[in-house]
Each structure stands twice: as structure tokens, then as C-alpha cells.
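Start from the sequences, fold in the hints, and give me the full structure.
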Amino acid sequence: MNLLLPGMYVAADSPLHRLDPRIKMGATLGLMVLAFAVHSLPGLLLLAALVAGVALLARAPIPALLRTTRTVFWLALVMFFFYFFTTPGRPLVSWGGISVTAEGLGLGATQVYRICLLVILASLLTYTTSPTQLAHGMEALFGPLERIRFPVREIALVLTIALRFVPTFFAEIEIISKAQQARGADFYSGGPLRRLRSLVPIFVPIFVSALRRAEDLATAMDARGFRSAPHRTRLYRLSLGWNDLVACLAVAAASLLILGLERWI
Amino acid sequence: MLIQIEKLTYIYAPRTPLARTALDGVNLELRSGERVGIVGQTGSGKSTLAQQIAGLLAPTAGRVLLDGTTAHERTAAARAQRRRIGLAFQHPEQQIFEQTVLKEVAFGPHNLGVAEAQITERVHWALEMVGLSPETFAQRVPFALSGGEMRRVALAGIVAMRPEVLILDEPTAGLDPRGRRELLGRVDGWQRETGMTLILISHHLDEVARLAERVILLAHGQVAADGPTRKVLGDSQLLRSAGLSAPQPVALLEALRSAGWPVRTDLLLPEQVAAEIGQAWHQRGGS
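If you read the sequences in order, they're chains A and B.
Per my numbering, the first sequence starts with residue 1, numbered consecutively.
Per my numbering, the second sequence starts with residue 1001, numbered consecutively.
Not one of these hints is a red herring.
Covered by chain B, per the in silico footprint, the following chain A stretches (three or more residues, Cβ under 8 angstroms):
{"hint": "1", "stretch": "57-64"}
{"hint": "2", "stretch": "173-184"}
{"hint": "3", "stretch": "205-216"}
Some residues of chain B that are not near chain A, with every Cβ distance over 10 angstroms (derived):
{"hint": "4", "residue": "Q1118"}
{"hint": "5", "residue": "D1188"}
{"hint": "6", "residue": "L1211"}
{"hint": "7", "residue": "Q1272"}
Result set (DSS-like, lysine-lysine): computed pairs, CA atoms no more than 27 angstroms apart in a straight line:
{"hint": "8", "chain 1": "A", "residue 1": "K178", "chain 2": "B", "residue 2": "K1007"}
{"hint": "9", "chain 1": "B", "residue 1": "K1007", "chain 2": "B", "residue 2": "K1231"}
{"hint": "10", "chain 1": "A", "residue 1": "K178", "chain 2": "B", "residue 2": "K1103"}
Just so you know, the hints here were simulated from the structure itself, not pulled from any lab data.
Note that CB positions come from ideal geometry on N, CA and C, so glycine has one too.
Given below as C-alpha cells:
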């Protein structure tokens, strides 16, 4: 387990860890939108610098953070080729009716860059925010939807539980795959079909244990008297401080600056 | 097989805030046919050491040599050496995936390239080894078995590979006392029969005392003691310093001694303890 897993929370202390989850979620969402609003190369680079700055503030290990983008490698690759081949413009190479354009290259690269940025932003959020805080933040942000009888609390709970089990799940995959390797399983040779089949000894046990875990969790919640009540009290209440205000203003100012510079350049 | 461990260090998640040193400069040599117990507190590095020996983890520093070949490498030679080692993880029943017990146990031998004709024979032998009747169990669905039976099926899956080195990581965790005794008895018999190397990792010092002739005590990823079983497990002070409590027989003898009984305190097996107490009883005049 030599990498920072996507969705993993690290209980450290940093200015970012101390922020209110609502602010962090809002800012993350804002920066994600910004990633798609910015088009020019200087703008995109500035945005990367901004995210890097935030990562430094969170005291997150940058190489490990970059490695979390591995999870979207295939998606990014497909996206890249999609834009690469379908964007009209000045053809670089034409071959059998398919032409590859400079615009396609640029747009493909930009899209991949954006996806990676999204993954990094999301990883930063989960890195600095405990699942409980995330759930509380989500409840607060989507609270107004309760008026239209949208089950906000329940969905927040489901998401918390899902997030909580992401690292457990990865750790389990690691153990089971080692156990099968010790029995001589080979995941690295043969054609794609054979490789896919070689994963059965991993996925069946993982699936079985996920089901068992879900059942245990349900029983444990039941035993603690959990039910979906309309008004639940809390041990920790969210409150905004001056640091939240500063963070909010800083992100807003930086975003406006990047957008402004881009127009201006 | 000669297992040499040289200055082995392993760090989980290095260069992240979660970095944790599991093994710290471990030097060991395990010779062919030895019966070794590895004991230590939770988190002392026992399981990591087992995985290193089996070549499943690449060391952060140092090396593990199996008959002179580096254990974790992706070469054919290293792979051939690794195949001689059988490692049963903690809670091995979690790795079960096949539709029948027969297929599940056959997975390992199949991967080793054992001829189809011999596989069934091997599976039957392995099932008998772990105390399951092949006639009743071979065609059953493993997921429908009891926890103890699943454990035994999983262990049969390792046994069927006929390893020269068998590493058992907490093999009896979660079994009842009878299942425990039975399983260890079979492992004991099998080791004597084949002369394989046996490495037993356990929290139960009494189990280690019964099976191992040599004990390695780990503390904070380092070897705190390595020697004959009686010497290591009979030394309650040493064990306490590594965060373990003395085995029950030793604790009893020490209590008697501090009450003025003339007994030695480094006996580990209940029958030895009984004899010692009987003798002391006579010395005191039997009253």
C-alpha cells in the first residue's frame, strides 16, 4: 500500500483540516467548475498552481496526490482519443478518412488535464475531511432539498458509509490478492481474457466479504437503536470561524483573478 | 530450504503521513526442517515477516534469500523458489472463491502445474490431512460450510500444494479449543512425516510451546529474542518487556515459587508442570 488511495482520510492537523466542511465542499465544487471555465494555457497553469498551493496548505504529499489520478487512467485515455480523433480543425495527419488535428490534440490534453484536476481536488477534500464531517457538510448543503421530501439525511448516510469503506475495500483487495498469489495465482501473464479470468479468485471473496460486512453493519446500527428519524441531535455542531471566511474569500479572489487574467491575456 | 533474512526493513506507505515501520533491520536464518514459532504483540511485524519470506512484499531495505535467490523478484528462478513455500494467511477462509470444495482445494496444485490425474488424489489427501472426509465434502459448496470447516478447506488448499516450508499465520484464531488441538496435532504429525520447515505465528504461546523448538520474539519490528523455545517462552520478564504475558504454565509456576514452593519456572507443557508440582508436593512432605 504505497500510495495515497483516493477517498482516504488522513487525520492530521493542517489549516485545511481545520476548515468547516461546508466551506471546503463549496470551494472544491467551485474549483471544479473553474477547471472547466478556464480554457487558455496560462489560465490552466495558474489553476494548477492554485491547487498545488492548496495541497501544500493541507500538508498533503504531492507525489502521492498525483498518483491518485492513476485510478482514472483508462477514462482519461478514452477521453483523450475521443477528442483527438473527432475534433475538426487543421489536420496534422490524414489517414483513410480519419484526420488528426492540432485542435484535437490540444483539446484532448486539456480534457485529460481537467479530469486529473478533478480527481486531485476530490482527493484533497477527502484527505482533509473525515467521513463524518463530509456527511454533515453534505446534509447542510443539500438541506433545502428536504422541503421537496428528498431523503437528504439518508443519502448523506449512505455516502458516508460508502466513503468509509473505500480504504477497507482496497486493503482487502490487497490481502486477498496476496493470499491467492501465495497459492500460485498469476495475474500478470496471458492474454486479456485470461487475465480477466485470473481476477475471479479476487473478486468473489471481495464480494462475499462486502455482503457480510453490510449485514454486520446493519445489525450493529440496529443494535445501537439507529432509525431514520427526522431530527437527530449531534455531538459536534458545525460553526463558521474567521478562518472559514478567509478561505472563502481567498478561493473566490484567486478564481476571479484567474478568470480575469485569462480574459485579459 | 535455507531462508536467510539480512538487515530486512519494511515500511508501509513510505513518504506519506501514514508511513509505518513494520520491520526494522531483521537478521535471521531458518534452516530446513526447523520448527519455528514467531511471537510478538499485535503490530510487532509478525505477519509482515511472513509475507516477506513468501516473497509477496518487496523489502524497503535488506533482502530475503530462499536458497540464495532473492525472494520477491519477478524472475522464473525466484518464482520457482516461492512455489516451495506455502503461506496460510490469517482467516484464510476469506480467500475461498470456488463452487465446490474439490475445485477450491485444487486451485493451488493446478497453478503449480500438477497433472490433472493426480490433482483429485492430492485434494483427497489434503482434505484428510485437515480432518475433512473427502467423500462427504469434496462436492459441497464451500460457502455453505461452517466457519471451522471453511478454515480447514482453506488450509487444505495450502496443504495440497505440498510446500517444503509451511507458514501458518494465526491458524487457530476463532476455532474452538477442540478444533484447535486437532488442527495443531495434524500439523505436528505432518511436519514429522515430511520433515518440512514449519513456521507458526501465534498469539497463543501455549500452542507455540507445543509445536516449536525455536522461538523468535518480535517487538517493534525488531528481533527481541531468538532461541530454544524453553529459553524464550520460559523467560516471563523478557516476554513482559515485549508486551506479552507469560504462558499460563510459567505464570502458575512463578506464583507457586513466590509462595515458597521449590519449583523451576521454565516449564511450558501442562504435563511437565503437573510432574514438577507433584515432585514439589512430595518434597514439602505431601501436606
